[in-house]
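Here our numbering = 1-based position in the sequence shown + 78.
Warning: the hint list may mix true and false statements.
As the list claims (entries may be wrong) - Below, in silico cross-link-like pairs of lysine-lysine (DSS-like), each with a Cα-Cα straight-line distance of 30 Å or less:
| hint | residue 1 | residue 2 |
| --- | --- | --- |
| 1 | Lys412 | Lys159 |
| 2 | Lys286 | Lys352 |
| 3 | Lys159 | Lys510 |
| 4 | Lys286 | Lys210 |
| 5 | Lys210 | Lys513 |
| 6 | Lys315 | Lys246 |
What the hints contain is simulated information worked out from the structure, not anything from laboratory work.
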Amino acid sequence: MLIKDGWVLTREGEGLEFKRGYVWIEGDRIREIRSDDRRQKALEDGCTLVINARGCAVLPGMINGHSHLFQTFVRGLGEGKPLMEWLQSAVWPMATCMEEEDFYLAALIGCLENLKGGATAVIDMHYVHTTKASSDMVLQAMQDTGIRGYLCRTSADQNYHPPLMEDKDTVFKEMDRLLGRWHGRAGGRLSLMVGLLNPWACSADLVKSAVEYAGANGLRLQIHVAESDAVVEKTLKAYGLRNVDWLKEQGCLGENVQYVHGVCLEDDELEVLKEHGVSLVHCPIANMYLASGTARVTDWLARGLNVALATDGPGSNNSQDMLEVLKFTACLQKLRTMDAAALSCGQVLDMATAGGARALGRDDLGVLEEGAKADVITVRLDRMHIAPVHRIDSALVYNANGGDVDTVLVDGRVVVYQGRSTLVDEEEIRAKAQKRIAQLRRQVGL
């Protein structure tokens, strides 16, 4: 396969550059990236599929570092509510009434929106286990849509909504089952992760066991940390410690660990994270939507911490558009620091691509390089809301949105072409979900 005549994102030392050229793909890997018209023509004559990327930027697929795909069924119901009120009035009632087919439909929509928004990979923190196969339904949707999916099976065992709590034995018995059935499936495109909901909803025993399980099985671990002042207070009340101090006591640190949000992390906590190689996952839109606060992303980067970007769930964002996340990431840090140059476009693009890959321990994702996985997107630049283009990096960060994504490849397979899924019937899925959500809202009373 050949992607030709595009503006290809390449790395030049520590920076990023766009150069007109081609990307030659064999199987699931990038074979060659060059700017050579004669070589391009020779390759074109021998390729079975040629994608014309004229007028497009060609990027590594972005990595959505944190979502809750079931929440496509609650998007729009959280307007005007802070975190805890939003959970209690919208998320919990809907989640506990969803059936197995609902989880599949919700995840199909979420996966499609991620792909069409420029994300070739998504980490789904799935914490609703009210039906036995809800996790299987999400993984099936990931498989069917062609996305690179990380199912982060997440648990809580105290201080939370009772139907969403589990005992430790159930948690790891289910992890064993899912690992055996799904981990590495679809040619390695599907993976499992260990998830913990947050410090105050998880006992010390559960956290220690999760850390041990992740380490023994070579898995990544993700947890919500310091999302707002309110949740920090909950941890202080429960344990007399701030989030990171308590998690450190349980051994929940390391290069395989990802902390999501981190809005209220103090300087000494950041130093601990740096020392232990923990990655941070930034969800700017959700933090604004729920009025949780503004994360100190520029401080994180200045300390050398790895940062990934994420949409968070559709319930606290209303969208899964990673291109939209780029603009909010940049603008929010300008406002927080009152510095118009707080983040460069290159830094934002790096967090959305290579930053997510580093959090996953994958040096073959998030980059366009020879030998890397062929997870590639093309984004149209020849649109009225983007023209005229002075700088491609700026156009992507401040102008483009998911509607500009033209082609998406995962593992060298075209899963979106001209903005439409090549694998599933989008209209059928949308119609089924709309019909089902009307039934659920009547049932729940929302």
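Hints, one by one, checked against the model:
1. Lys412 - Lys159: holds (25 Å)
2. Lys286 - Lys352: holds (21 Å)
3. Lys159 - Lys510: Given pair Lys159, Lys510 holds - Cα atoms ~28 Å apart, limit 30 Å.
4. Lys286 - Lys210: With a Cα-Cα distance of about 24 Å, the restraint between Lys286 and Lys210 holds, given a limit of 30 Å.
5. Lys210 - Lys513: holds (24 Å)
6. Lys315 - Lys246: Cα-Cα ~23 Å, so holds.
Checked against the numbered hints above, the structure violates none of them.
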